[in-house]
Every structure is written in C-alpha cells, then in structure tokens.
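**Q** In case you want the letters, here they are:
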Amino acid sequence: MFENIRLSFQGIWSHKMRSFLTMLGIIIGIAAIIAIVSTIKGTNDQIKENLVGSGDNLVDVNLHTNEWQYMSGNDMTPEGVPMIDDLIKEEILAIDEVEAVSAYRYGYSMSGVRYKENLLDGAMIYGIDDDYFSVNGYIVNKGRLFGENDYENESKFVIIDTVAAKTLFGNENPISKSVEINSDVYVVVGVVEQVDTFQPVIEDVNDWYTYYYDDAAGKVFVPHTTWPLMFYFDEPYHVVVKAKSTDDMTNAGKKTAEILNSYITYVDMEGNQPYKYKSEDLLEKAKAMMDISASTSKQLIWIASISLLVGGIGVMNIMLVSVTERTKEIGLKKALGARKRAILAQFLTEAAVLTSLGGILGVGAGIGLAYLISDIAAVPVAISGVAIIISVAFSMVIGVLFGLLPSVKAANMNPIDALRHE
Amino acid sequence: MILELKSIYKAYVQGNMYVPVLKDINLSIEEGEYVAIMGPSGSGKSTLMNIIGCLDKASSGTYLLDEEDISNYKDKELSYIRNKSIGFVFQTFNLLPRQSALDNVALPLQYAGVPKKKRKEMCLEALDMVGLSDRVDFKPTQLSGGQKQRVAIARAMVNGPKILLADEPTGALDSKSGVQIMGLFKSLHEQGVTIIMITHSDEIAAYADRVIRLVDGQIISDTDNPEVAIKYQESLKSENEENSEESPAQVDEEVAE
Ligand SMILES: Nc1ncnc2c1ncn2[C@@H]1O[C@H](COP(=O)(O)OP(=O)(O)OP(=O)(O)O)[C@@H](O)[C@H]1O
Ligand SMILES: [Mg+2]
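In order, the protein sequence lines correspond to chains A and B. If you're matching positions, the first sequence starts at 208 in my numbering and goes up one per residue. If you're matching positions, the second sequence starts at 295 in my numbering and goes up one per residue.
Read the hints as simulated data drawn from the structure, not as lab findings. Since the structure is predicted, the reported quantities are computational estimates derived from the model, not experimental observations. Mixed in with the good hints, there may be bad ones.
Said to hold, decoys possible - Label pairs and their in silico Cβ distance ranges:
1. V607/A / G425/B: 17 to 27 Å
2. V473/B / L612/A: 30 to 40 Å
3. K368/B / R213/A: 21 to 31 Å
To be verified - As a list, the in silico DSS-like pairs of lysine-lysine whose alpha-carbon atoms are at most 30 Å apart:
4. K505/A / K411/B
5. K535/A / K411/B
6. K411/B / K300/B
7. K470/B / K547/A
8. K480/B / K470/B
9. K616/A / K351/B
10. K470/B / K535/A
11. K223/A / K410/B
12. K433/B / K412/B
13. K616/A / K410/B
14. K616/A / K480/B
15. K370/B / K351/B
16. K494/A / K223/A
17. K535/A / K410/B
18. K317/B / K535/A
19. K370/B / K535/A
20. K323/A / K433/B
21. K616/A / K370/B
22. K547/A / K414/B
23. K412/B / K535/A
24. K470/B / K616/A
25. K451/A / K370/B
26. K547/A / K480/B
27. K433/B / K223/A
No residue lacks a Cβ here, since even glycine has one placed at the ideal position from N, Cα and C.
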C-alpha cells in the first residue's frame, strides 16, 4: 500500500502538467465548496452570535396595529387593550419557557430633562415595573431602586442611567437632586448601569429604532404608575420576557403574545382585530436569515458538484490513457507474479492519490478564496474542519469511483496481450 | 519431470479466420535441463514459451508443471506460479524505466509479500550475482544493453525459481554482451536451474544441452546439442545455399557481429 502511494506520487510527479490539469476540476469544485461553506458558516455564526448567542435571551413583545408596531405617541391607549397588571404577569411567568417578565412603557419628552442649566435632550422616559432592571440586566450604581411604596403612591421619583447622569450632573452626585421633566419636579433616587449590553446587528430600520435610537441619549426611569401623570395620557405596555434558554426564545415570545392577545377585546367596525401583541423574535429572524443563506449555499454546492463530476470524468479519462500507456508495464508486472488485485490496487491508489491531492489543493484554494470573499464582501469566514475532512475524503472517493473502470480494465488485461503491446 | 506438455494446441481466431499456431506439441523437460528452442520466425516459439510460463493458455491439451496439472488454474494460482516457480527474461529487457535497478529487481519480491528489509538484502544478492553491485541505484536509461539484461536476470532469479525462461535473451545485444549473458546462464545451469531459451543463433544454442526445432507450430526435431554444433559448422560452409530460408540468414547476421 505504502509502496503504491509512493509509486503514485512518482507517477503524478513525472506528469506534472497533465496531473495538475486533471486535478483542476477537482480543485475548482472543492475550492468552491470550501469557500461557500466557510463564508456561509461565518455569516451564520455572526448572525447567531449577534442576534442570539451573546444576548440574554430577551424577547420583546410589543403591541402592533395591523402589521406595524404601535408607536408611542400622543394616542390614548386604544380601548380594549389591557393594562398589564400583576395577574397577567403571573400568567406569563407560568409559561414553561419564561424565566422572568417585565412590563413597561416609554415616551419621549419634548422638553427634555433639566437640571439647573443642564438639559438632557431626546431622553426616553421609561415607566417601569419592579422587574424591569433585573430582566434587562441593570445594576444599581448609586442610590436605590423604586420600592413598593413608590409604585403605589405614584411617587415623583426618577432613576437615571449612567449616561443621563453624566449629561445632567457631570461629576456631581445626582442622588436627591431635583430635575424638571414636562414642567414638573422629580427627585433622583438612584443611578443604574446596564451590565451586559445587548446589541444585535440587524439591518432593519425597525430594529435600529428599537436597539440604538433609545440608547443614545441616556434613559430616565419612573414608576410605571407615575408615567401617565408625567405624560398626561396612558399608553399600552411593552412587555419583555426573558426566556430560559436561547432555544426557548421563540416559544416564550409566542406564548406571551398569545396570553396578552387573549385580553384584547377591541374589534373595529369591520369586525377585525387590528391590535395585536407580537413577539420580536430574534431567534426566528436569525433562523430565517440562516435558512436563506443555507438554501443559497445548497444551490451553489450543487453547482460545485458539477465541477466535481466533470473533474471525476477527467480523472477517469486520464486514468484510461495511463492504463493504455502502461499496458506493457502491466503485462510485465503480471509476468512477475502480480495478481489482479495488485494491479487494481495500484491504479485505484493512483486515482485516489491524484484526486485527494486535488482535494487538498482545493481546500487550500478554497480557504484562500473564502478570505478573499470576506475581504471584498466584508463577511466573516469560519473555516469548518468537518467540511475540510469531508471534502478531502469525498475527493478520494471520487478518485476510487472514477478510477474503478480504468483500474478494472488494467487488472483484467491478459498478461501476454499486455506484454506484446507496442 | 519438471514440466510436461501433452498434445498442446494453440490457435487464434482473427476475425473469421482460424489461425493455428501450435499443433500437437508433446514435450517433457527434466529438472536441471538447459534447452534451446529454435525455428523460423512465426513458427510459434514465443507462443510455446508463453504457455510454459503460464502467461498464456493453450487452446487444448494438458500442461503438467512439477507433476501437477495446471491447465485449468485461475489467475490467482497462475500468478503465484509466475512469481515463485518461473523467472522471465525478455529480448527487450522490459525494465520499468523510472525505477532503479534495485527497485526493478524488487518487484517479484513485492508481489511475493517479502518484508521490505529482507527484500533489499535479497535484491543486493541477486545484483551481486550478475556482477552489478556497483549499479544498484542506476536507472535503466543509465545502463548499457548488457547491463540491463543482467538486471533482468537478477529480477528473474531473485525469488529463486526453478525454471528460467528466456525469449531471445541476446537478441538485442552485441556478441560480447551475449557471451556474458550466456556465462551467467551457464552458472545458473550449474546451480541446477532449468533453463529454456529461445534463440535464432546456433552459436547461442550451442550453450544448451538440448535443442528443439519448431517449424509451423510443430516440433520437427528434438536433439542433443552436438548435432547443432555440427549443423552450425555446416551452415558456415554452405553460407549462400540456403539464402531463401530465414534461419541461416539469421545465423549469418550473428556471425557478422
Ligand atoms: N494475439 C495473436 N493473435 C493472432 N495471431 C497471433 C497472436 N500472437 C501470435 N500470433 C501468431 O502466432 C504465430 C507465432 O507467433 P510467435 O510469436 O510464437 O512466433 P515466434 O516463433 O516467436 O517468432 P519470432 O521468432 O519472430 O519471435 C505468428 O504467426 C503470429 O502471427
Ligand atoms: Mg518470438
């Protein structure tokens, strides 16, 4: 066997140009497959990582009007859309996949938040419940969080995040300072800080709103009971649930939306229900995106396989030529006692070595190609070890498969006819 | 009796033509004999030798090798016989051009499954026997005709076969190299190897103990050597008389060299 492999390399080396051209089909096919698989895998890894993996398994469940997310604004809460109270939250918490839930609302204060001459412009004011901070990964930086009394009494207390604290107070200690919001005075009781910032990368305007816009300028939190007093109107709640695991996100979101929707009683004149809670399912989005890339990659791999098929036929062709060229050698070997299987093994090995070599070169070219694509198209590359092993093994199989016919032809040669061959 | 052929026929079918090549060959050779096969071109000498060497099969008849009927043996057994019991030497050497002398000699050992270390030892010994210890790593292109044939003899003998078959072993060599090869055959013969050799040259045939003449696929004479020697002398005298026949013309050529 080892002898055969050595001989194969010798044979391939002595016909460098011919061998290389024969391998080209295999090289191109394997290179294409490796490049496709690597870039697709890289993209998918990135999608998953950005959307889900590094996240904290949070799923937003927001009210929609028909297809569109219900935008906070000057509307009153539509009739028949429930306020989310502890009972509904209990029900959501009972969902298997849900670990924690928080209901909140937010609005944009036109006049901003003022402390002395400092103005925090474009700040989002959140009306939050007791679970909001823990669910969203905030910790206390200074002062305290809201207590039960604050919710009950609709206290005019605010908690600000570190971004807002910096803008409004600089190096001053914000605790117990009074700030002005919408012509009313609120007392700062705490400063919070988000520990694990979750920043999905999705190229979608909606998502950009959800994840970046409100982060930019710092946040101000009040008890959710206080919030309507500040804005003079009520708004539907947003809900965020924390799923038990990444894979639970889809179900956690869907079931939460179902529960919330069961409380919506509003029906319009035509009998439709325009208001509906829908979950912002990142995992599902990621899966959809990955499915798209997977299906394109499948098609591309089919095309690459054609190159492999053509390459295989090339190998068969050149092996047939080689067998004919070496008829006399085959005859001689038989005269010296080589059995059919020895001849068969020799030519099969040669074909397999040829295509495996093509496969290895193809893997190298494919990796290079993948990095080139990633450079040009700015997509990440993830080289898959499994894909490499499969590719090389597969090209070896191609060699055996397409080398079989010529090898059998060689093995079955009549020794004397072969020896007499000119 | 090391080998025995009984009413061997061989014919080829060429299109719708039936070409008989060997007709009713009966031949037995004892162990240790040195036999020359002679005859005009196309008389079936090579065909006969290929059947003896298990490279080809007779159309009918019985072939006993070492008292064993091998007429119906399959490829597996025939390969084994070719590997172990028979050594071949060809007119055109048939060395693998890209392999060294050593690797060429090693081929039969490889098919016999001899371990690698032992192989080298045996090859060196065989090459030493033919006087090429200093050409072990030479490629065939770097060797003279006579040297190539000696490598081929080393290869034929490396597995220690009892029978050496040589189809015009000196046919492609100058007379000096031819004599050298005959010297090697002589010492192999003295070691007890059975040698069967095809030749067109009476001079070469004179080295053998027994000469078989083939004409049109039939054995027309089977004699001890002295007669050949005598005939050789005669043919020298009547050089021009038999010009129309192939064999003496061939002899003239050899003599001219
Ligand atoms: N494969 C074949 N098909 C048809 N005829 C063949 C085949 N092989 C040999 N022959 C015929 O058999 C006859 C004997 O051939 P062979 O090679 O045995 O002759 P030879 O005595 O060795 O001749 P030479 O001295 O020229 O080598 C020839 O007439 C040849 O044409
Ligand atoms: Mg011949």
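**Q** Does each hint hold? Answer for all of them.
**A** These are the hints, each one checked on the structure:
no. : hint                        : result
1   : V607/A / G425/B: 17 to 27 Å : violated, 44 Å
2   : V473/B / L612/A: 30 to 40 Å : violated, 48 Å
3   : K368/B / R213/A: 21 to 31 Å : holds, 30 Å
4   : K505/A / K411/B             : violated, 51 Å
5   : K535/A / K411/B             : holds, 28 Å
6   : K411/B / K300/B             : violated, 42 Å
7   : K470/B / K547/A             : violated, 39 Å
8   : K480/B / K470/B             : holds, 15 Å
9   : K616/A / K351/B             : holds, 20 Å
10  : K470/B / K535/A             : holds, 28 Å
11  : K223/A / K410/B             : holds, 29 Å
12  : K433/B / K412/B             : holds, 22 Å
13  : K616/A / K410/B             : holds, 29 Å
14  : K616/A / K480/B             : violated, 40 Å
15  : K370/B / K351/B             : holds, 14 Å
16  : K494/A / K223/A             : violated, 46 Å
17  : K535/A / K410/B             : holds, 25 Å
18  : K317/B / K535/A             : holds, 28 Å
19  : K370/B / K535/A             : holds, 20 Å
20  : K323/A / K433/B             : violated, 99 Å
21  : K616/A / K370/B             : holds, 17 Å
22  : K547/A / K414/B             : holds, 25 Å
23  : K412/B / K535/A             : holds, 28 Å
24  : K470/B / K616/A             : violated, 42 Å
25  : K451/A / K370/B             : violated, 68 Å
26  : K547/A / K480/B             : violated, 34 Å
27  : K433/B / K223/A             : holds, 20 Å
The structure fails to meet hints 1, 2, 4, 6, 7, 14, 16, 20, 24, 25, 26 from the earlier list, while all remaining hints are met.
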